[in-house]
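Participant: Keeping the supplied structure of chain A fixed, place chain B upon it in accordance with the hints.
Chains A and B are the protein sequences, given in the same order. Under the numbering used here, the residue at position 80 of the first sequence is numbered 80, and the numbers go up by one with no gaps. The number in the numbering used here is simply the position in the second sequence, starting from 1, with 1000 added.
Quick caveat, the hints were computed from the structure, so don't treat them as lab data. Just so it is clear, the structure is predicted and the values come from calculations on it, not from any experiment. Note that the Cβ used here is the ideal one computed from N, Cα and C, for glycine as well. Each hint should be verified, as a subset may be incorrect.
Claimed, not checked - Each computed EDC-like pair below joins lysine to aspartate or glutamate, with the alpha-carbon atoms no more than 20 Å apart: (1) A:Lys-56 - B:Glu-1100; (2) B:Lys-1057 - A:Asp-2; (3) A:Lys-41 - B:Asp-1038.
Said to hold, decoys possible - Pair ranges (Cβ atoms, derived): (4) B:Leu-1011 - A:Leu-11: 27 to 33 Å; (5) A:Val-12 - B:Ala-1081: 36 to 42 Å; (6) A:Leu-9 - B:Ala-1081: 28 to 34 Å; (7) A:Gln-97 - B:Asp-1038: 22 to 28 Å; (8) B:Asn-1053 - A:Pro-111: 23 to 29 Å.
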Amino acid sequence: EDKVVQSPLSLVVHEGDTVTLNCSYEVTNFRSLLWYKQEKKAPTFLFMLTSSGIEKKSGRLSSILDKKELFSILNITATQTGDSAIYLCAVEEQGAQKLVFGQGTRLTINP
Amino acid sequence: DGGITQSPKYLFRKEGQNVTLSCEQNLNHDAMYWYRQDPGQGLRLIYYSQIVNDFQKGDIAEGYSVSREKKESFPLTVTSAQKNPTAFYLCASSTQDLYEQYFGPGTRLTVT
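Isolated chain A (complex conformation) (with noise of 0.2 Å):
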């Protein structure tokens, strides 16, 4: 059964603070790997990653993927308070049609 997990599932910082988030996935065949942030109801897109080793960057949001280790993690620099949201991954799986999410992690900013 194909299985997507983050941590931590939750994360409170000061603001300024770094973070990192991780998602771990077991999937039998591999497609892409997405990064979502849901502040209040819908979740945004943030990043897809497909290719290991390549960093995506957005702003003080970055992330990477270990196709090797099967994880990747979501870096956050300079944290501010507008960056307090649930973050979710997901992963697509070749022909599924369809993402597996993880649980979330809840995410913090404090003045």
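Facilitator: This is chain B only, laid out in the frame that chain A set:
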């Protein structure tokens, strides 16, 4: 404005009643999905549809039913057979490439 709409935002029902959640998209996406989210948990797939008049069960389909009569619409019925229906329900759509799913604002269902 292109996007996905879900209605209503909040829904209250008595135990034993069926209830239908609406999901409409005008993104011309072929694929549509229904997820359930419980507190402290990620998204769990209920049903998905790749094309009109066809749909597949997800990981937690028991107690739910769907239809896909039109490309734009993918309603979800929560039946009385669903043992624990109180949850936040999210609808999503994507192209056949899947990699970027667009989500609706969700419906919070409370059954008492």
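Participant: Now tell me, hint by hint, if it's right for this structure.
Facilitator: Hint by hint, here is what the structure shows:
At roughly 15 Å between alpha-carbon atoms, A:Lys-56 and B:Glu-1100 fall within 20 Å of each other, so this suggested pair holds. Proximity of B:Lys-1057 to A:Asp-2 is assessed by CA-CA distance (about 16 Å); at most 20 Å being required, the pair is judged to hold. For the proposed pair A:Lys-41 and B:Asp-1038, the alpha carbon gap of about 12 Å is at most 20 Å, so the pair holds. Roughly 32 Å separates the CB atoms of B:Leu-1011 and A:Leu-11, a value that falls within the hinted 27 to 33 Å.
For A:Val-12 and B:Ala-1081, the Cβ-Cβ distance of about 39 Å falls inside the hinted range of 36 to 42 Å, so the restraint holds. Against the hinted window of 28 to 34 Å, the Cβ-Cβ separation of A:Leu-9 and B:Ala-1081 comes to about 30 Å, which satisfies the hint. Hint check: A:Gln-97 to B:Asp-1038, Cβ distance near 24 Å, so the stated range 22 to 28 Å holds. A beta carbon spacing of about 52 Å between B:Asn-1053 and A:Pro-111 contradicts the range 23 to 29 Å that was offered as a hint.
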